[in-house]
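Asks: Residue strings, one per chain:
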Amino acid sequence: MRVELTQDRDTLAKRLQRITGENPMLCYQCKKCTLGCPSAYAMKMKPHEVMRAIQLGLEDQLYWSGTIWICLSCETCNTRCPQDINILKLIDGLRTSSFKTKYDNPVPELPMMHQLFLKLVRRFGRIYELGLVLILNLKMLTPLKDIDMGLPMFLRGRLKIFPHTSGGARELREVMSRLEAIEEET
Amino acid sequence: MRYAYFPGCSLSASASDYDLSLRAVCRALDIELVEVRDWVCCGASSAHATSHLLSIAMPVLSLGHAEADGFDQLIAPCLACQARLKIANREMREDQDVREKIHGAFDYKYRGTVRVHHPLEVMVEEGVMDKIRSRVRHKLSGLRVACYYGCVLTRPPEVAQFDICENPQSMDTIMRSLGAESLDWSYKTECCGVSMTLTRSDIVLKLSNDIFRAAKEAGANTIAVCCPLCQANLDTRQAQIEKKYQVVHGIPILYFTQLMGLAFGASSEELGLKKLVISPRGVLEMCGLM
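Which chain is which? The protein sequence lines are A and B, in order. The first sequence begins at 2 in our numbering and counts up one residue at a time. The second sequence begins at 5 in our numbering and counts up one residue at a time.
It is possible that some hints are incorrect.
Stated by the list, open to error - These stretches of chain B come out as covered by chain A in the derived footprint (C-beta under 8 Å, 3 or more residues):
hint	region
1	102 to 115
2	152 to 166
What the hints assert, rightly or not - What follows is a list of derived Cβ distance ranges for each label pair:
hint	chain 1	residue 1	chain 2	residue 2	range
3	B	Glu36	A	Lys103	51 to 59 Å
4	B	Glu246	A	Gln30	35 to 43 Å
5	A	Lys45	B	Ser190	38 to 46 Å
6	B	Asp42	A	Lys101	54 to 62 Å
7	A	Gln30	B	Glu129	36 to 44 Å
Because the hints were derived from the structure by calculation, they are not lab data. Remember, it's a predicted structure, so these values are computed and weren't measured experimentally. Beta carbons are placed, not taken as given, at the ideal position from N, Cα and C, and that holds for glycine.
When you get a sec, could you build the whole thing from the sequences and use the hints?
Replies: Right under this line is the structure:
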């Protein structure tokens, strides 16, 4: 594979720096991020490899690896990075960008969950836990997932059957629409 | 002291026992909690994975309500909520571009005057610690507690501005003042994996099992938590973990506020102990608390 490094092209690293304020070129591959990452064992591309791939502009390979969705957002890598790079912000930048492209995602259930979560919040102003679980289980084609865990929760009154609508739901909907317009402009 | 209170979605549904016990303990310590008017979800991990601006706007809506109602201090008991609220405050203060865009989406312009605290921050202040010591009726002797702080209470330190990042002590200090033994162990701030609990449970089961193993090696008979999401993982998934890894843990997962309440002499109903899937009865009987 040919990798081109040029100064004047709008590279992935530059684009991510513009949207996140973080400079991925500072990474020198010490691997502290990967060593401390609790879900690195489940990643095809480890966090330090993500940093290298960003530097080299390998956007497709990043998406195909699924790593941006296996990241748990626990902030361990940011805390320990000797170059003070907020790696989670870069991963969030990739996640946000990935919504605008079509790619073969090995873990499609993660972005699906986030979109469903925000859809429910947009409707009710708060998360409707039981609704989120049931709809997500149907969408993932595993309708009975975690039923062994749901029953004891239900018996102890920990599952609310009906959603609660926040008094701030309407305001939130307005804010969300205005933000979408602001984001479209930029 | 009077605080705006941001319970968050979990405490108003699956983690009502955290809400009950926190309110009971705050009453005993003369900390007044006033629920934020018409608060909305903080956005948790779904907002920041989707749109940076949205992840700031959602906390700002609730913070704005608290500010407009005259509060300058706010308590948020869920780790995800308190982290997202703190991050929103920081970005509104330091990033002019973000601030202008967010202001453009709201009728009320949030000025950033509401300081956000996790309840542990409020409780380890010297004056409150004195009160805690004076309220103890039943010493929790015999309780060997592994304090589990979870992922984002102390991380990243520039946002959290609280406790020692890799080896926090605040909950341990409170547990010792209740007469319990707090244990040194190395998994205090390891992530339990909750952001994938509905999607990739296999990862959650492994990470949570690692936490149990470390707590047991340290000799714990109880794990104390300070987040509804950690509690849900370690408590409601414990049976699945035992089945998958062919082990027996049987460790009750209590909120630090439930343990405080027990030491203060509150009843099991007031603290919502019946909501726990792994019953704490055995451990509490051993300590003469039930």
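Asks: Could you work out which earlier hints the structure fails to respect and list their numbers in ascending sequence?
Replies: 5 and 6
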